[in-house]
Amino acid sequence: MDWKRFGFIALIIAVLFTIVVLIGGKSQPAILIISSMLGTTIAVATPLTLGALSGIYCERSGVVNIGIEGMMLAAAFFGWLGAIYMSSIFGFQALPSLLVGLLIAMLTGGLFAALHALLSVTFKVDQIIGGTVINILAVGVTGFLNRQLFFEKGSIFGGQVPHGPGTFTTIYIPIDKAVNGLCGLLGSDCSVAAKAASDVLSQKPIAMAAVLLVVVSHYILFNTRWGLRTRAVGEHPKAADTVGINVTFMRYANVIIGGALAGLGGAYMTLESIASFEPLMTNGRGFIALAAMIFGNWTPFGAWSAALVFGASQAFQIKLQLFRELIPAQWSFLQNAYVVGMVPYLLTMLILTGIIGKNIPPAADGVAYEK
Amino acid sequence: MPETEKNNSHPRGFAGLLKAAADAPLIIPILAILTAMIIGGVIIALVGGNPFAAYIGLFQGSFGSLKAISETAVWATPYILAGLAVSLAFKGGLFNIGAEGQLALGAVMAAWIGYALPDMLGVSLPKVVHLTLSVGLGMLTGALWAAIPGWLKAYTGGHEVINTIMMNYIALNLTSFLLNGPMKDPNPLNVSARTPEIAPSARLSPLFEGLRVHWGFIIALLIAVLVWWLLWKTTLGFEIRTVGANPDGAKYAGINVKRTIVLTMALSGLLAGMAGTIEVTGLNYRHELGFSIGYGFDAIAIALLGKTHPAGVVLASILFAAMRNGGTRMQFLTQIPVDIISVIQALILLFVAADAIIRYVYRIRGSEEKLVLTRGWGG
Numbered sequence: 001m002d003w004k005r006f007g008f009i010a011l012i013i014a015v016l017f018t019i020v021v022l023i024g025g026k027s028q029p030a031i032l033i034i035s036s037m038l039g040t041t042i043a044v045a046t047p048l049t050l051g052a053l054s055g056i057y058c059e060r061s062g063v064v065n066i067g068i069e070g071m072m073l074a075a076a077f078f079g080w081l082g083a084i085y086m087s088s089i090f091g092f093q094a095l096p097s098l099l100v101g102l103l104i105a106m107l108t109g110g111l112f113a114a115l116h117a118l119l120s121v122t123f124k125v126d127q128i129i130g131g132t133v134i135n136i137l138a139v140g141v142t143g144f145l146n147r148q149l150f151f152e153k154g155s156i157f158g159g160q161v162p163h164g165p166g167t168f169t170t171i172y173i174p175i176d177k178a179v180n181g182l183c184g185l186l187g188s189d190c191s192v193a194a195k196a197a198s199d200v201l202s203q204k205p206i207a208m209a210a211v212l213l214v215v216v217s218h219y220i221l222f223n224t225r226w227g228l229r230t231r232a233v234g235e236h237p238k239a240a241d242t243v244g245i246n247v248t249f250m251r252y253a254n255v256i257i258g259g260a261l262a263g264l265g266g267a268y269m270t271l272e273s274i275a276s277f278e279p280l281m282t283n284g285r286g287f288i289a290l291a292a293m294i295f296g297n298w299t300p301f302g303a304w305s306a307a308l309v310f311g312a313s314q315a316f317q318i319k320l321q322l323f324r325e326l327i328p329a330q331w332s333f334l335q336n337a338y339v340v341g342m343v344p345y346l347l348t349m350l351i352l353t354g355i356i357g358k359n360i361p362p363a364a365d366g367v368a369y370e371k
Numbered sequence: 372m373p374e375t376e377k378n379n380s381h382p383r384g385f386a387g388l389l390k391a392a393a394d395a396p397l398i399i400p401i402l403a404i405l406t407a408m409i410i411g412g413v414i415i416a417l418v419g420g421n422p423f424a425a426y427i428g429l430f431q432g433s434f435g436s437l438k439a440i441s442e443t444a445v446w447a448t449p450y451i452l453a454g455l456a457v458s459l460a461f462k463g464g465l466f467n468i469g470a471e472g473q474l475a476l477g478a479v480m481a482a483w484i485g486y487a488l489p490d491m492l493g494v495s496l497p498k499v500v501h502l503t504l505s506v507g508l509g510m511l512t513g514a515l516w517a518a519i520p521g522w523l524k525a526y527t528g529g530h531e532v533i534n535t536i537m538m539n540y541i542a543l544n545l546t547s548f549l550l551n552g553p554m555k556d557p558n559p560l561n562v563s564a565r566t567p568e569i570a571p572s573a574r575l576s577p578l579f580e581g582l583r584v585h586w587g588f589i590i591a592l593l594i595a596v597l598v599w600w601l602l603w604k605t606t607l608g609f610e611i612r613t614v615g616a617n618p619d620g621a622k623y624a625g626i627n628v629k630r631t632i633v634l635t636m637a638l639s640g641l642l643a644g645m646a647g648t649i650e651v652t653g654l655n656y657r658h659e660l661g662f663s664i665g666y667g668f669d670a671i672a673i674a675l676l677g678k679t680h681p682a683g684v685v686l687a688s689i690l691f692a693a694m695r696n697g698g699t700r701m702q703f704l705t706q707i708p709v710d711i712i713s714v715i716q717a718l719i720l721l722f723v724a725a726d727a728i729i730r731y732v733y734r735i736r737g738s739e740e741k742l743v744l745t746r747g748w749g750g
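So the sequence lines, in the order shown, correspond to chains Y and P. First residue of the first sequence? That's 1 in the working numbering, and the numbers climb one at a time after it. First residue of the second sequence? That's 372 in the working numbering, and the numbers climb one at a time after it.
The set of hints was computed from the structure by calculation and includes no laboratory data. Given the structure is predicted, the values throughout are model-derived calculations rather than measurements. Check each hint, because a few of them may be wrong.
Said to hold, decoys possible - In silico DSS-like links for lysine-lysine, alpha-carbon gap of 30 angstroms or less:
#1 P:Lys498 x Y:Lys4
#2 P:Lys678 x Y:Lys124
#3 Y:Lys238 x P:Lys622
#4 Y:Lys358 x P:Lys498
#5 Y:Lys124 x P:Lys498
#6 P:Lys622 x Y:Lys124
#7 P:Lys498 x P:Lys555
#8 Y:Lys371 x P:Lys555
#9 P:Lys622 x Y:Lys358
Claimed, not checked - Beta-carbon label-pair distances, calculated as ranges:
#10 P:Leu607 x Y:Lys238: 34 to 40 angstroms
#11 Y:Phe301 x P:Pro553: 41 to 47 angstroms
#12 P:Val596 x Y:His163: 55 to 61 angstroms
For each residue, glycine too, the CB sits at the ideal point set by N, CA and C.
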C-alpha cells in the first residue's frame, strides 16, 4: 500500500463528505455532520473490514475465497438463531445471549471455511467454484431454516419470530468529558468538539474489535513466525514445504481463521447493526470486502482504508436520506435512494480497474499445491 | 472421458456394477443428484417431515399431469438460456455471475419496447416486427451490460467475478428505479413495481390452448443447438474455447485474446438477456420487480451440472425446473418449505464441482478434465 492509494482513498472520502456538508450545513454545524458521518463510516465499514481481513488470511496462504459472502450470511443467521435460543428458550439475559450468538457466528464461519478448505486444499476443486458452492449453500440453508423455524406453525417458535435479545450497545468512551474538562481548564467552551470526538470514538463492540483486528492482523502477518509461514505457503509453497512448513496445515488453519473473521462480520449484521435476519441480507458486502482486499494489495491497513471508502459511501446514503428535504432542486437525483444506492458498487468497479497502480496478489494464490 | 486403465477382474455384485458404470459419462452427475437427494431427505426427516411424501409431492408437481409438465417447461425455458449463457462464458474461461442482472435489464428493455413503442410511433406494429424488436433489443441490452465487465477484464484486469456481481446490484438498483419511477404501470389500481402490459403484437404465442408453455421453450432448445454449433463448428467458437483453455497459448497462436474475452462476455450476456426477454414476451407480458431473483445463481449450478455442454445444460435445466416447479406442490402437501430445493441444488453443485468426493464415496476411478477459472485477481 503506497501513499498514492491512501491519497486516492482520502480524496473519495473527502468528496463524499463535502457533498453532505454542503447539503446539510444549513441545519447543523459542519463539524458535527463530519464527526457523525465518520462514526457511521467506521461502523458500517465493519463487515467489509472483517470480510477483507478474512480474505487476506485465506489468500496470503494461497487460497482464493469468494465464499466470504456466504460465510457471512450463514454466520449472521446462526449467530442470530443462537442468541434467540439463549434468550427466548433458555431465558438468558441479553448480553450473555448475544455473546453466545457471537461465538456461534464465528464457529459457523469457521465451519463453512473448513468446507472451503476441504474442497480447495484437499480435493483441489477450482477455488472460485468452491466459493460459489459455499455461497449457494449458505443461501439455501439460511432460507430453508429461516422459513422452517419462524414461519411454519409447528416449529419450536410457533410460527413467529420471537422477541430476541436486541443488539450490542455502544461502548461509551468518556472522551467528551475529557475534552470538556481540558477546555474548562483553559476557560473556553468546546462542547461541540467534545460531542464530535465522542461521535467518532464511541462505537459498538464488533466495530471496535474490527479496528483492533486490523492492527493485530498486520502484526501477525508481518512480525510473527506464523505470518511469515503463512506468506511463504502463499508465495512459494514448494519452497516452504522444502524447509519443513506443513503447507496443508497452514492453508487449513488460515482459511478457518479467515472464516471465523467473516463470521464475526456476519455477527455484526444481526447482533450489532440490527436485531433481525432477512434472507440475502449480506447484499454483496462479502464481495465488496474482496474488492477492498484487492485494492489494499492484500495488506490489513490497505484493505481497511478501502473498506472505509465503501463505509463512507454507505454513510453518504444514510445522511442524504436524513437531509432529504434540504437537497437543492438541481441535485434532486440525490434524493432517489436507488440512484445513490449504486454508489458503493460503482466505486468497487472503479477501484478494481487498477487506475492507481497494479494489484499484485500472492504468487501462489488460487493454485492447489501438488507435492 | 479420457481412457482409463481397464480392470478386467470386476468384483461381483453392486460394487462391480458401479465399476462397470464408471466409464459412462453421466455417472458423476447422476450420483451427485442421488447423493444430494438422500442428504436432502435426511434434512427433511430431521425437521420432522416425511422425505418420501415430500419427494412424491415433488414428482407429482413436476411431471404428474399435463399441466405440471407444461409448468416445468415454463420454468425450464429461462434456465436453459441462462444456463447456456453461463456455460458459454465458462468455455471462454470466464465466470459470468452477472446473468441475473443481464437477464433483468434484458427483460426491462423488452417490456419497454413491448408497451411503449406503438404509442411512440403512433402506429400498431405487425407482430413480426414488434416481437423481433422487443426480443432483439432486450438481448442487445444484456450483451452490452455483460460486455462492460468483459472489457474491464480484458483491458484493465478487473476480475469479472467481482465486476459482474457489482453490476448485478447496479442493475437491481436501476431496475428498481425504473419500475418504481418512469416505467411504473400508471394503472391507478397498481401498487407494485412493474411495467404496463406489453402490446399483443409483442407476445410469443402459447404452444397449446389452455397451457402456459409457450414458443420460448422451443426457441430455447433451438438456441442450445445453435450454441453447440457456434462453439464446436465455427472459428469464433474455436477461439473462445482456446482462450478458455489456455490464454497464453491462444495469444501465441495469433488469437486476439482481449477481443475474444469481450466478445465471449457479450455473447453470454446476449443469451442471458434473451432469457429475460422470453420471460416477458412469452409468459408475464410485463416486467415486475423480483420475478427473476435467483435465476442467475441457479444458472451457475445448471452450467456446472451440465458440464458446460449445451445438451447437459438442457437436461440440467429440466431437472432444476422440475424441482422448482414441483417444490410448490411439495410445500402444499407436506409443509416442507420450498427452500429445501435450494439446499438440494447447492448439494448437487457441491458434489458435481468436487467430483472427487463422489468418486471417493462410490469408489469410482479416473478423472475428467477440470474447469479452471482461478487465474488470480487484479493483475
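**OP:** Could you work out which earlier hints the structure fails to respect and list their numbers in ascending sequence?
**Re:** Violated hints: 1, 4, 5, 8; rest satisfied.
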